[in-house]
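Number of protein chains: 2
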Amino acid sequence: MSTKPNTPKGMRDFLPHEVMRRNHIMGVMKTQFERYGFLPIETPAMERRELLLGKYGDEGDRLVFKVLNSGEKVKKADLDALKSGELSRFGNSLSDKAMRYDLTVPFARFVVQHQNELSFPFKRYQMQPVWRADRPQHGRFQEFTQCDADAIGSDSLLLEMEFVQMVDAIFGDLQLSGCTLRINHRKVLEAIALRAGAGEETTRFFTILDKLDKVGWQEVKRLLLDAEYNIDIIDNIQRALAGKSTADQLDALQQLIGSSTRDNDPLHDLGFLFSNLGQLSSTKVVFDWTLARGLDYYTGTIFEISAPEQVSVGSIGAGGRYDDLTGVFGMKDMSGIGISFGLDRIELVLSELDLFPPALHTSIDVLVVNFSTEMITTLFPYISELRKQGKRVFVYPSAAKLKKQLGLANQLQIPHALIMGDSEWKEKSCTLKDLRTGEQSTIPLNRLTQHNWD
Amino acid sequence: MSTKPNTPKGMRDFLPHEVMRRNHIMGVMKTQFERYGFLPIETPAMERRELLLGKYGDEGDRLVFKVLNSGEKVKKADLDALKSGELSRFGNSLSDKAMRYDLTVPFARFVVQHQNELSFPFKRYQMQPVWRADRPQHGRFQEFTQCDADAIGSDSLLLEMEFVQMVDAIFGDLQLSGCTLRINHRKVLEAIALRAGAGEETTRFFTILDKLDKVGWQEVKRLLLDAEYNIDIIDNIQRALAGKSTADQLDALQQLIGSSTRDNDPLHDLGFLFSNLGQLSSTKVVFDWTLARGLDYYTGTIFEISAPEQVSVGSIGAGGRYDDLTGVFGMKDMSGIGISFGLDRIELVLSELDLFPPALHTSIDVLVVNFSTEMITTLFPYISELRKQGKRVFVYPSAAKLKKQLGLANQLQIPHALIMGDSEWKEKSCTLKDLRTGEQSTIPLNRLTQHNWD
Numbered sequence: 066m067s068t069k070p071n072t073p074k075g076m077r078d079f080l081p082h083e084v085m086r087r088n089h090i091m092g093v094m095k096t097q098f099e100r101y102g103f104l105p106i107e108t109p110a111m112e113r114r115e116l117l118l119g120k121y122g123d124e125g126d127r128l129v130f131k132v133l134n135s136g137e138k139v140k141k142a143d144l145d146a147l148k149s150g151e152l153s154r155f156g157n158s159l160s161d162k163a164m165r166y167d168l169t170v171p172f173a174r175f176v177v178q179h180q181n182e183l184s185f186p187f188k189r190y191q192m193q194p195v196w197r198a199d200r201p202q203h204g205r206f207q208e209f210t211q212c213d214a215d216a217i218g219s220d221s222l223l224l225e226m227e228f229v230q231m232v233d234a235i236f237g238d239l240q241l242s243g244c245t246l247r248i249n250h251r252k253v254l255e256a257i258a259l260r261a262g263a264g265e266e267t268t269r270f271f272t273i274l275d276k277l278d279k280v281g282w283q284e285v286k287r288l289l290l291d292a293e294y295n296i297d298i299i300d301n302i303q304r305a306l307a308g309k310s311t312a313d314q315l316d317a318l319q320q321l322i323g324s325s326t327r328d329n330d331p332l333h334d335l336g337f338l339f340s341n342l343g344q345l346s347s348t349k350v351v352f353d354w355t356l357a358r359g360l361d362y363y364t365g366t367i368f369e370i371s372a373p374e375q376v377s378v379g380s381i382g383a384g385g386r387y388d389d390l391t392g393v394f395g396m397k398d399m400s401g402i403g404i405s406f407g408l409d410r411i412e413l414v415l416s417e418l419d420l421f422p423p424a425l426h427t428s429i430d431v432l433v434v435n436f437s438t439e440m441i442t443t444l445f446p447y448i449s450e451l452r453k454q455g456k457r458v459f460v461y462p463s464a465a466k467l468k469k470q471l472g473l474a475n476q477l478q479i480p481h482a483l484i485m486g487d488s489e490w491k492e493k494s495c496t497l498k499d500l501r502t503g504e505q506s507t508i509p510l511n512r513l514t515q516h517n518w519d
Numbered sequence: 066m067s068t069k070p071n072t073p074k075g076m077r078d079f080l081p082h083e084v085m086r087r088n089h090i091m092g093v094m095k096t097q098f099e100r101y102g103f104l105p106i107e108t109p110a111m112e113r114r115e116l117l118l119g120k121y122g123d124e125g126d127r128l129v130f131k132v133l134n135s136g137e138k139v140k141k142a143d144l145d146a147l148k149s150g151e152l153s154r155f156g157n158s159l160s161d162k163a164m165r166y167d168l169t170v171p172f173a174r175f176v177v178q179h180q181n182e183l184s185f186p187f188k189r190y191q192m193q194p195v196w197r198a199d200r201p202q203h204g205r206f207q208e209f210t211q212c213d214a215d216a217i218g219s220d221s222l223l224l225e226m227e228f229v230q231m232v233d234a235i236f237g238d239l240q241l242s243g244c245t246l247r248i249n250h251r252k253v254l255e256a257i258a259l260r261a262g263a264g265e266e267t268t269r270f271f272t273i274l275d276k277l278d279k280v281g282w283q284e285v286k287r288l289l290l291d292a293e294y295n296i297d298i299i300d301n302i303q304r305a306l307a308g309k310s311t312a313d314q315l316d317a318l319q320q321l322i323g324s325s326t327r328d329n330d331p332l333h334d335l336g337f338l339f340s341n342l343g344q345l346s347s348t349k350v351v352f353d354w355t356l357a358r359g360l361d362y363y364t365g366t367i368f369e370i371s372a373p374e375q376v377s378v379g380s381i382g383a384g385g386r387y388d389d390l391t392g393v394f395g396m397k398d399m400s401g402i403g404i405s406f407g408l409d410r411i412e413l414v415l416s417e418l419d420l421f422p423p424a425l426h427t428s429i430d431v432l433v434v435n436f437s438t439e440m441i442t443t444l445f446p447y448i449s450e451l452r453k454q455g456k457r458v459f460v461y462p463s464a465a466k467l468k469k470q471l472g473l474a475n476q477l478q479i480p481h482a483l484i485m486g487d488s489e490w491k492e493k494s495c496t497l498k499d500l501r502t503g504e505q506s507t508i509p510l511n512r513l514t515q516h517n518w519d
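As you go down the protein sequences, you meet chains A and B in turn. With positions in the first sequence counted from 1, the corresponding number in my numbering is that position plus 65. With positions in the second sequence counted from 1, the corresponding number in my numbering is that position plus 65.
Everything labelled a hint here was simulated from the structure, so no lab data went into it. For glycine and all other residues, C-beta sits at the position ideal for the given N, C-alpha and C. Keep in mind that a hint or two might mislead.
Calculated pairs, SDA-like style, for lysine to any residue (alpha carbon to alpha carbon, straight line, at most 20 angstroms) [claimed, not checked]:
#1 A:Lys74 to B:Glu137
#2 B:Lys148 to A:Ala146
#3 A:Lys69 to B:Asp161
#4 A:Lys138 to B:Glu124
#5 A:Lys141 to B:Ser158
#6 B:Lys95 to A:His82
#7 B:Lys456 to A:Ser346
#8 B:Lys148 to A:Glu137
#9 B:Lys469 to A:Asp220
#10 A:Lys95 to B:Phe79
#11 A:Lys140 to B:Lys493
#12 A:Lys138 to B:Ala198
#13 B:Lys493 to A:Ala198
#14 A:Lys148 to B:Gly136
#15 B:Lys141 to A:Ala198
#16 A:Lys95 to B:Val84
#17 A:Lys453 to B:Asn341
If you want the ones that stay clear, here's a sample from chain B, every Cβ over 12 angstroms from chain A, calculated [stated by the list, open to error]:
#18 Asn301
#19 Arg358
#20 Trp518
With the C-beta cut set under 10 angstroms, the calculated list includes, among others, these residues of chain A facing chain B [to be verified]:
#21 Pro70
#22 Asn71
#23 Ser219
#24 Gly343
Chain A with its partners taken away, still in its complex shape:
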């Protein structure tokens, strides 16, 4: 192979500065997840194929990567399916495993499989890559990382409150202000859908409403009318809520949909939630009755986080409450609430807004300049001591030209150079040079580890 090799389409390498940025974000999340009582778990990259398929809708099923069976097993290829163009069935005959498509279905499987080893309510976080056979495009990849937190085994609204606080704390720690957390409740939407004539079948109504961000009100209303919904209720809500505070909006909605709400809890719950959020530092929290969220399993509060307006990247996190995530695996009555942050999009936002701490880029503290192997081996015991003190030390491995060695320090943004030339060698000392300022000082070797440097 003589052409330059590269990664598969839609998948990326991460260079050191990119890994450091991503680790910074995940580090902030890990810290806050743990402060809110979540514990880490991990699941395998692959799940049984039949466990994943059927959980994400037809479109999702098409995007699940299937793993080819090994060895003799491929002899079971269903050639009839291939001939009749049933490509998915053909694929299934060759594949027992599939790649993780999100962290939610594996989490539900995990909870059911390990139910006797877990304490409920169980709060877990999980930060792992997922894979989707999506058409690669700007900001959309076939491999990307989700950072999820879920609390399962309790229907308490206190969890909703903690999730909002945690979102605020995470974006606060990331120095990212100006995000908006929009909140709605599936049962409020259901009541509206009922008023619009949806009957028991509300999914279609939600699906159309979910397009609002992309296509705008005019198109959504046209689609609703085409689907024979009565959109008077929508006009009424828009009029009644315009310009009102959240509390007044909830009251107004109560007037409009109260009688067709299956129970009165959702608006009361939202009212309780909004009046107890406490002081938030970075994130604006608003009620948005139009928020629908695509996924089927939500049954209560739903929420979505958008980046500051100056960055066009769509949602950077979303979640909601579900009453029966584990039901499909035979474990009933496990209400829970979860949130999923998109690492790759948050990285994009922080990059565009230049919000990464500058210190991220200086991951090596000092370059040891190499004039000869003999000098380096003499220095090794002192270098070991520096490393024990926590200093990150790059020993230039060969006695290359000084300019080349300092060029590397420059490229890696290493702030200090430790130099032992002939004169220092004779005096049993070394020179420590601040490569940012040019200042330098000569230090006796036996006092090197006591030297104070920033």
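Using the hints, position chain B against chain A.
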């Protein structure tokens, strides 16, 4: 689906205490990798299929997981290959991507692809899972994590010295003493192979010698004789080296193989390395002329780390120097040296020897007992302050029975409970109970964040 779901065969979930153990090990490695000047990179879970196949030998090729192409592409299935039993070719016709099998080939690809963005010598570390379609058995999994460090772009022996020091520092930090690092040199082995009549074809000799750990000397000698090697040299070496110090062993070897060594460097290099290792704290370093290492690409020093004898788990890390890792991708003359640690095996060793820090298991600092939602919302501002101070706080989400709430604290090994009952509520105070000792103290709410607790 009503049967209990589970992970695919050979793949595992990690429960919180297991993730914490693994993160502890990876944290120690990350710290030491960075102190030795390595920078982190990551590569995708999938590579182009043709990039991986052919790099790991026939056996390796069989163990590479292939990813099924999506959509219409499966129509290209090579049915002739299927009919004629060429299953691998059939699989290839359905698969453009394959799962990462190790971190070394992707690293070589990364270096070539990004050569213009990197500074050489380039030192990288990488800790990611790899996948092998191996028959699952005790201690062998289809998904496991490798922790690799490589330095490429320099043939300096100082790197060998730093690798040994780094191995010692890592196992020192893990409190794991009694590991043995065995070192050999491919050119020493080549000289021995030449003496045994191997001609230019030394691979077969190495392959037989590599079985020594598994089958013992008697069988290795039989296999060498069967392959028409002259094993006198082996008997001579065994006699000449028995009971000698490393320095004397190297001298004795020089006498025996010096005249057939292609150059004299390898024994000189090993001598230099052993005489400059400095003080090691945890790991015993020995010369072992029988160490062969299976992989083709090693050309210089090779090394392998074995766990303390009381744990039978085989090698927990290994590596060596290669002169031409990137040559297959068209980038010549890049000498490098690398090491790969097996996270899963090191976890096994530390578990068996009970060497994980006890504090790993207390990842939540305090349980807030819930007597009513009203009390919790009153407490929220104080809880927020505790969290800002870094405390990890689990708020019990509902007012369950006290016994149940404390039961959860017990299961999660949470050391403290924060309790606000009716009397504390009236007094604007709370009770902090040490669940390990039973001691408790009442603290005014407005002084809670000043309270000193361990």
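Exercise. Taking 20 angstroms as the top limit, are the C-alpha atoms of Lys493 of chain B and Ala198 of chain A close enough?
Worked result: Violated: Lys493 of chain B and Ala198 of chain A sit about 56 angstroms apart, past 20 angstroms.
Exercise. Is the Cα-Cα distance between Lys141 of chain A and Ser158 of chain B 20 angstroms or less?
Worked result: 16 angstroms, holds
Exercise. Does the alpha-carbon distance linking Lys469 of chain B and Asp220 of chain A stay inside the 20 angstroms limit?
Worked result: Given pair Lys469 of chain B, Asp220 of chain A holds - Cα atoms ~16 angstroms apart, limit 20 angstroms.
Exercise. Between Lys141 of chain B and Ala198 of chain A, does the CA-CA distance stay at or below 20 angstroms?
Worked result: 18 angstroms, holds
For this session: Decide if the proposed pair is consistent with the structure: Lys138 of chain A and Glu124 of chain B, CA atoms, cutoff 20 angstroms inclusive.
Result: Answer holds: Lys138 of chain A to Glu124 of chain B is near 17 angstroms, not above 20 angstroms.
Exercise. Does the nearest C-beta of chain B fall within a distance shorter than 10 angstroms of the C-beta of Gly343 of chain A?
Worked result: Hint on Gly343 of chain A: holds, closest Cβ of chain B at ~6 angstroms, below 10 angstroms.
Exercise. Do the alpha carbons of Lys69 of chain A and Asp161 of chain B lie within 20 angstroms of each other, as the hint requires?
Worked result: Holds: Lys69 of chain A and Asp161 of chain B sit about 17 angstroms apart, inside 20 angstroms.
For this session: Please settle this one: Arg358 of chain B was flagged as non-interface, so is its CB more than 12 angstroms from every CB on chain A?
Result: 22 angstroms, holds
Problem set entry | Lys95 of chain B paired with His82 of chain A [C-alpha distance capped at 20 angstroms] | 15 angstroms, holds
Exercise. Between Lys148 of chain B and Glu137 of chain A, is the straight-line Cα distance small enough, at 20 angstroms or below?
Worked result: Cα-Cα ~12 angstroms, so holds.
Exercise. Is the hinted pair Lys148 of chain B and Ala146 of chain A satisfied, with a Cα-Cα distance of at most 20 angstroms?
Worked result: Given pair Lys148 of chain B, Ala146 of chain A holds - Cα atoms ~17 angstroms apart, limit 20 angstroms.
For this session: Measure nothing beyond the straight line between the CA atoms of Lys456 of chain B and Ser346 of chain A; if it is 20 angstroms or shorter, mark the hint as holding.
Result: 19 angstroms, holds
Going down the numbered hints, you'll see the structure goes against 11, 13, while the others check out.
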